[in-house]
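For chain A, the structure is supplied; the task is to place chain B on it using the hints.
There are 2 protein chains.
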Amino acid sequence: MRQNEKPISRTVLFYIAMFCLCGLGLMWVLKRGAQLESHPINTPVASVLEVKSVGITSALEANLRQPLGLLLLQLLVVLAATRGVGALFRKWKQPLVIGEMVAGIMLGPSLLGWLFPGITKAVFPDASLETLSMMSQLGVILFMFSVGAELEINHLKRWAKTSLVISHAGIAIPFVLGSALALVLYRPLAPPSASFVVFALFMGVGMSFTAFPVLARIIEERGLGNTPLGNTAITCAAIEDVTAWSLLALIITIAKSASPASILIAVVLTLLFAGAMLYLVKPSLARLLAHSETEPFREHRALGICLFLVLGAAFCTQAIGIYVLFGAFLAGAILPRDPRLITLVKEKLATLSSNLLLPLFFAFTGLRTQVGLLGDVTAWGYTLAIIGTAIAGKLGGCYIAARWSGMTRLDAFTVGSLMNTRGLVELIVLNIGYDLGVFSPSIFAMLVLMALATTLMTSPLLSLTERWRR
Amino acid sequence: MRQNEKPISRTVLFYIAMFCLCGLGLMWVLKRGAQLESHPINTPVASVLEVKSVGITSALEANLRQPLGLLLLQLLVVLAATRGVGALFRKWKQPLVIGEMVAGIMLGPSLLGWLFPGITKAVFPDASLETLSMMSQLGVILFMFSVGAELEINHLKRWAKTSLVISHAGIAIPFVLGSALALVLYRPLAPPSASFVVFALFMGVGMSFTAFPVLARIIEERGLGNTPLGNTAITCAAIEDVTAWSLLALIITIAKSASPASILIAVVLTLLFAGAMLYLVKPSLARLLAHSETEPFREHRALGICLFLVLGAAFCTQAIGIYVLFGAFLAGAILPRDPRLITLVKEKLATLSSNLLLPLFFAFTGLRTQVGLLGDVTAWGYTLAIIGTAIAGKLGGCYIAARWSGMTRLDAFTVGSLMNTRGLVELIVLNIGYDLGVFSPSIFAMLVLMALATTLMTSPLLSLTERWRR
Numbered sequence: 006m007r008q009n010e011k012p013i014s015r016t017v018l019f020y021i022a023m024f025c026l027c028g029l030g031l032m033w034v035l036k037r038g039a040q041l042e043s044h045p046i047n048t049p050v051a052s053v054l055e056v057k058s059v060g061i062t063s064a065l066e067a068n069l070r071q072p073l074g075l076l077l078l079q080l081l082v083v084l085a086a087t088r089g090v091g092a093l094f095r096k097w098k099q100p101l102v103i104g105e106m107v108a109g110i111m112l113g114p115s116l117l118g119w120l121f122p123g124i125t126k127a128v129f130p131d132a133s134l135e136t137l138s139m140m141s142q143l144g145v146i147l148f149m150f151s152v153g154a155e156l157e158i159n160h161l162k163r164w165a166k167t168s169l170v171i172s173h174a175g176i177a178i179p180f181v182l183g184s185a186l187a188l189v190l191y192r193p194l195a196p197p198s199a200s201f202v203v204f205a206l207f208m209g210v211g212m213s214f215t216a217f218p219v220l221a222r223i224i225e226e227r228g229l230g231n232t233p234l235g236n237t238a239i240t241c242a243a244i245e246d247v248t249a250w251s252l253l254a255l256i257i258t259i260a261k262s263a264s265p266a267s268i269l270i271a272v273v274l275t276l277l278f279a280g281a282m283l284y285l286v287k288p289s290l291a292r293l294l295a296h297s298e299t300e301p302f303r304e305h306r307a308l309g310i311c312l313f314l315v316l317g318a319a320f321c322t323q324a325i326g327i328y329v330l331f332g333a334f335l336a337g338a339i340l341p342r343d344p345r346l347i348t349l350v351k352e353k354l355a356t357l358s359s360n361l362l363l364p365l366f367f368a369f370t371g372l373r374t375q376v377g378l379l380g381d382v383t384a385w386g387y388t389l390a391i392i393g394t395a396i397a398g399k400l401g402g403c404y405i406a407a408r409w410s411g412m413t414r415l416d417a418f419t420v421g422s423l424m425n426t427r428g429l430v431e432l433i434v435l436n437i438g439y440d441l442g443v444f445s446p447s448i449f450a451m452l453v454l455m456a457l458a459t460t461l462m463t464s465p466l467l468s469l470t471e472r473w474r475r
Numbered sequence: 006m007r008q009n010e011k012p013i014s015r016t017v018l019f020y021i022a023m024f025c026l027c028g029l030g031l032m033w034v035l036k037r038g039a040q041l042e043s044h045p046i047n048t049p050v051a052s053v054l055e056v057k058s059v060g061i062t063s064a065l066e067a068n069l070r071q072p073l074g075l076l077l078l079q080l081l082v083v084l085a086a087t088r089g090v091g092a093l094f095r096k097w098k099q100p101l102v103i104g105e106m107v108a109g110i111m112l113g114p115s116l117l118g119w120l121f122p123g124i125t126k127a128v129f130p131d132a133s134l135e136t137l138s139m140m141s142q143l144g145v146i147l148f149m150f151s152v153g154a155e156l157e158i159n160h161l162k163r164w165a166k167t168s169l170v171i172s173h174a175g176i177a178i179p180f181v182l183g184s185a186l187a188l189v190l191y192r193p194l195a196p197p198s199a200s201f202v203v204f205a206l207f208m209g210v211g212m213s214f215t216a217f218p219v220l221a222r223i224i225e226e227r228g229l230g231n232t233p234l235g236n237t238a239i240t241c242a243a244i245e246d247v248t249a250w251s252l253l254a255l256i257i258t259i260a261k262s263a264s265p266a267s268i269l270i271a272v273v274l275t276l277l278f279a280g281a282m283l284y285l286v287k288p289s290l291a292r293l294l295a296h297s298e299t300e301p302f303r304e305h306r307a308l309g310i311c312l313f314l315v316l317g318a319a320f321c322t323q324a325i326g327i328y329v330l331f332g333a334f335l336a337g338a339i340l341p342r343d344p345r346l347i348t349l350v351k352e353k354l355a356t357l358s359s360n361l362l363l364p365l366f367f368a369f370t371g372l373r374t375q376v377g378l379l380g381d382v383t384a385w386g387y388t389l390a391i392i393g394t395a396i397a398g399k400l401g402g403c404y405i406a407a408r409w410s411g412m413t414r415l416d417a418f419t420v421g422s423l424m425n426t427r428g429l430v431e432l433i434v435l436n437i438g439y440d441l442g443v444f445s446p447s448i449f450a451m452l453v454l455m456a457l458a459t460t461l462m463t464s465p466l467l468s469l470t471e472r473w474r475r
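Protein sequence lines, in the order shown, are assigned to chains A and B. FYI, the numbering for the first sequence is 6 to 475, going by my numbering. FYI, the numbering for the second sequence is 6 to 475, going by my numbering.
For reference, chain A alone in the conformation it holds in the complex (with noise of 0.2 Å):
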């Protein structure tokens, strides 16, 4: 085409000559047009927007009140805070969930809501929380669909013996110490609505999880990504998770049932539908996710059937009501451990929703947690004893079922360390149990504390031990 291409002055004519023959068209249409005006009134468009002309800054507001405007603004806010303050907790060696948790506090009623009230109320109105909440879910569901596909089934198999001992060691000796705390705590704590029954299971199993995600990162981060030490904290937490979330949805079927009949077909419903996932739709899901080494990977194909699989899962669970998450997680777990797949759900799949939805579920948890309500030398004594618990049920326990199991103590400590972490899966089971009416505001801002500090005592400890070993 380059080659035949007539002189450039013949293209300039023709450009010319059709612009102003377009717009002599144009003026003529429109002039025409205006005779065409038989409404009586003659309203412009703008009345109906309700957008009056009285100078520049109102007209901006009135853009920015727009429901797309708040939620942009929002966006931007969460970012900001939970970028800025997780460089600043990198700096100081410490993993980006921890500056992202304290970031999330910061613009709630504990720091911002606290010095500057209008503008944690201009940002995040009662009304766009609606919104807000529905996008940190989905963040959420997406998520745990990621930890259950990153889940080292292998390691699972390989490491079991040890792990299994440590891991269970690691719930039911925080658990119960938890509930016994809550002996404590329900007289002055306990919202009216919270039998004691279910108050004390929630607090033994807010003491019992541990982060998954945070505690593979900072294995990886501190190099003991292959060491028999590494492998078996891996394991450990692996296992945990798989229990932990499993005895929260039974917990939470026993909060939100009123009779035994009720909580009887909703365990049973569980128990069919986790056996459904695993018996009907894993061998199915490898059918269908089955590749050759040499045939191309079919992302789109893929990642439609990943999204039906965790949405799927989801629904289910909440149908059932027991918690969506349990369902994402299950769903990540029963994945084919085929590395294009894995990747294509950690890397590309989960990208967005944890660059962006996940830090709204940041903010949202800190716009529920009112450190304020720590007023006084009781209730700071009752989170120095959640905290206290927390470490001793968790990082003993584990300390303990190591030793015993024939760990050196150094190797007990790193263990019962790394799974002492709490991160953002305790935020997750914390907020669960505000929804459901079992943790008052000032419990869940003590909880709230206890996961912080939990989360960042890891990588001091770890470096102490580190030292220890040379």
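Please note that a few of the clues may not be correct.
Intra- or inter-copy, both count: the list cannot distinguish identical chains.
As the list claims (entries may be wrong) - 25 Å max Cα-Cα, derived SDA-like pairs, lysine to any residue:
1) K98 <-> I259
2) K353 <-> L188
3) K36 <-> L190
4) K351 <-> R306
5) K351 <-> L274
6) K353 <-> L293
7) K166 <-> S251
8) K166 <-> R408
9) K353 <-> D343
10) K287 <-> A85
Calculated directly from the structure, the hints in this document are not laboratory data.
Just chain B now, kept in the frame of chain A:
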């Protein structure tokens, strides 16, 4: 550790002992705690959640009526429809987007809502549309960002001469024809809130868009990627995109503003914004994202910068009052053309949004499209007139300009057919018109059908030219 592992019996013993002890401990705690319940009536948590234990079905229903359950259901339905119909149309050698457009229309009042109005009302109740709309908007914002990032700016320089004339002819001619058609359609179809000028301008701009991403995909699928013809077409579409979005921004300003002064302010602000993006943000981006070839690509950082950029630009355009997508598109267009960065945006950032959020946009458009409104022969006559004008203006306009600049008849026809593809971009523009109150539901339905028809005909037309070539 494995070597000096203690005999298994010892571990089993510990495990059993631990469980017995912890079990007894928990029982004691729960028994003691029962005395603590001093609340007058021991309300079970269930009552807080208003779940009544009247059988499984109603419990399931209650769980699903919660916003998260509904959202999951909507996502599943939309995914199933777009994926299913998309696969069907793919079999017929049509681009995926056609299937997704049709699926969206099928979910709305045109098919599902007409056959089973109860289902549409139950799955997409009005109260849930706000969240759905926000999520689909976010999807479209990220989509426009990746369209901008895909924009072949180097092509733009190399093939500019011919392409500029063709693409501007492909805007000016359908624009004038579309606004001339408004002379006929204004009286019977325009909503009372729209003045003739605004209606005619929107009819014009509605005819002038080309679906850049659909066109790019078709060119790739047909193996035209590196031919002069394919390059000219891609460049035409790129120039068209930039021009048409700028034009739309201007027309939206005219539509929204009550006085000439506020139009002027918006235009000045838009120019300031575009200038700042091009001359301040673009150079700093290049510096922020600069990487030597050997250095590892810092993905987390790049993702953060991209998200800030696109959300910030969208926020600014929302504040000015032109459409958010103008900002998102510009943000993509000024990204440094580092291939790793473009891959990151296209393949990672956009994966979730184009697979999950964008289908919501099709569904959202479909829920507004009431093909049933075209009840009589006159309405279908108008629809045909609109489709005819759109084709004559775009395909015809581009053909004439291409012939004039020296292309063969066959090449000119091929370029015209490609530029005639409306696709998703057209739906975005139509929704803007609908939101502004410029399009009535019936003319909205007609224009959606026009978008469908022009997208649908591209593949057959190209197959025709291929047969002629042989």
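Verification of the hints:
Taking the closest pair of Cα atoms, K98 and I259 never come within 25 Å of each other, the shortest separation being 41 Å inside a single copy and 53 Å across copies. Taking CA atoms no more than 25 Å apart as the test, K353 paired with L188 passes in neither setting, with 46 Å inside one copy and 49 Å between copies. Within a single copy, K36 and L190 get their C-alpha atoms only as close as 78 Å, which misses the 25 Å cut-off; across copies the closest is 16 Å, which meets it. With identical chains, the CA atoms of K351 and R306 are at most 25 Å apart both within one copy (16 Å) and between copies (17 Å).
When the C-alpha separation of K351 and L274 is checked against a cutoff of 25 Å, the pair qualifies neither within a copy, at 30 Å, nor between copies, at 41 Å. Proximity of K353 and L293 under a CA criterion of 25 Å is satisfied in both settings, with 20 Å inside one chain copy and 23 Å between copies. When the C-alpha separation of K166 and S251 is checked against a cutoff of 25 Å, the pair qualifies only within one copy, where the shortest distance is 20 Å, while the shortest distance between copies is 66 Å. With identical chains, the CA atoms of K166 and R408 are at most 25 Å apart within one copy only, with a shortest distance of 14 Å there and 77 Å across copies.
Taking CA atoms no more than 25 Å apart as the test, K353 paired with D343 passes in both settings, with 15 Å inside one copy and 19 Å between copies. Taking the closest pair of Cα atoms, K287 and A85 come within 25 Å of each other only across two copies (20 Å); inside a single copy the shortest separation is 40 Å, beyond that limit.
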